[in-house]
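There are 2 protein chains.
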Amino acid sequence: MASKLQRLFVKSPMGTGAEIALLPEQAHYLGNVLRLKPGDHVLVFNGADGEWCARLTAIGKKKAQIAVEHQTRPQGQGPDLHYLFAPIKRARLDYMAQKATEMGVSRLQPAITRRTVAERVNTDRLKANAIEAAEQCGILRVPEVCPPEKLSKLLDHWDESRLLIFADEAAAAASPIEALSAQTARPLAVLIGPEGGFDTEERNALMRQPFVLPISLGPRVMRADTASVACLALVNAVLGDWR
Amino acid sequence: MASKLQRLFVKSPMGTGAEIALLPEQAHYLGNVLRLKPGDHVLVFNGADGEWCARLTAIGKKKAQIAVEHQTRPQGQGPDLHYLFAPIKRARLDYMAQKATEMGVSRLQPAITRRTVAERVNTDRLKANAIEAAEQCGILRVPEVCPPEKLSKLLDHWDESRLLIFADEAAAAASPIEALSAQTARPLAVLIGPEGGFDTEERNALMRQPFVLPISLGPRVMRADTASVACLALVNAVLGDWR
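Chains as they are written, first to last, in UniProt numbering: chain G, 1 to 243; chain L, 1 to 243.
Treat the hints as calculated values from the structure; they're not laboratory data. Don't take each hint at face value.
For chains that are exact copies, the list does not tell them apart, and a pair is met inside one copy or across any two.
[As the list claims (entries may be wrong)] The calculated lysine-lysine pairs, modelled on DSSO-like cross-linking and capped at a C-alpha distance of 30 Å, are:
no.	residue 1	residue 2
1	K89	K37
2	K62	K150
3	K150	K37
4	K89	K127
Chain G extracted, bound-state conformation (with noise of 0.2 Å):
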């Protein structure tokens, strides 16, 4: 489903007659897997600036520069959406930044539970992957990406006029999409838990916040990557951009 022009993320300020170089990494793909030529056209996007349409002006080995030409699409707003999570196995978390950001979170937020197996994470390696997602979805918003913190701890320094909700396994089986239709539009954040779920003081610690709506996703128990898409797709779909 991508555009058929390569798109890449860049860090530079994007405008007509910007000259950029690109990374090392980038300029062995264009050159020597997609064997692109100088006066080849790519798409370009920064996060902030829109998506551009860019000329190659050299490419070698290692190296490559282009001259940015015309905007393509605005800079669009997605959806105030943090998504905290504890970290899981490595294939699977690359997974689950990739999914996270198609699904148009704007921030990625590493929570540490109590259950939490994986206490290291590798947060290049999670915004890699969220870059991957956006150049390969179309994405223009490359989520932010922060260092892991305990959840308690988030907890406690919560802003309360951003909604919480949280895919609770020990929830009622009660519809999702009544728990979320009953919510106003304010900034919204998902949380999914550890394999295992969450341990019981730490989840009636949640329980007791204002600003926590626990959700069920059905009978059936899910990884933790399945049950974040199948968390954010209800949440898009009730009080996000997709309405």
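Following the hints, complete the assembly by docking chain L onto the known chain G.
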């Protein structure tokens, strides 16, 4: 989120006192990886008779035998929900079969579309992935896996009492919740197209069917495996067993 006892899918009829020989790979996993011994317990299910606790009576390098003791969960009915999908590349297809199983679909039906790249589909591998997801996620019903069929032929032979919901990239940006809520209870199917979307003529043929409901999955392009979890979540929440 798995049960603490290892869960195994077996093909044998189930009941107290039944003695079942496990597959060589199951014997290997229980004996050499988990290091279980005779007398240890496992959970077994066959997709029809619920979940049972069984005792290992013998275990060798490639052979193991269990004696079924008592039922731990009755066989539940899942949603009558077929899942039609254009085959994609292998790693993501594995993932898609696992995710659809977690979402509770009753049938996996590969549908060959005009833009389908992977014409060959390994149905044994789809089945193995569905079983793996069912084992790990406490699911009792393993979806039926059907051989690949052309989408046009599937439409020609469609049972019109079954609603076919498809994630339509070209759909007007309308609320998918409203579109689904307007439907009455009936057997369901979800169709996810190929990367690159449906061919125009193919989409027109879909739109002409009285049993087809197109829904929008928002303003961002998603990979097919993401769209499938998102679409199945909305369908389960509005028309399926998440209510």
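| request: Tell me, please, which holds for K150 and K37 at an alpha-carbon limit of 30 Å: within, between, both or neither? | output: neither (48 Å within a copy, 39 Å between copies)
| field | Status of K150 relative to K62 across identical chains (alpha carbons, at most 30 Å) | value | Close neither inside one copy (40 Å) nor across copies (44 Å); limit 30 Å.
| When no copy is specified for K89 and K127, does a C-alpha distance of 30 Å or less occur within a copy, between copies, both, or neither? | both (16 Å within a copy, 24 Å between copies)
| request: Please work out whether the CA atoms of K89 and K37 approach to 30 Å or closer within one copy, between two copies, in both situations, or in neither? | output: between (39 Å within a copy, 28 Å between copies)
Violation of the numbered hints given earlier is confined to hints 2, 3; the remaining hints are satisfied by the structure.
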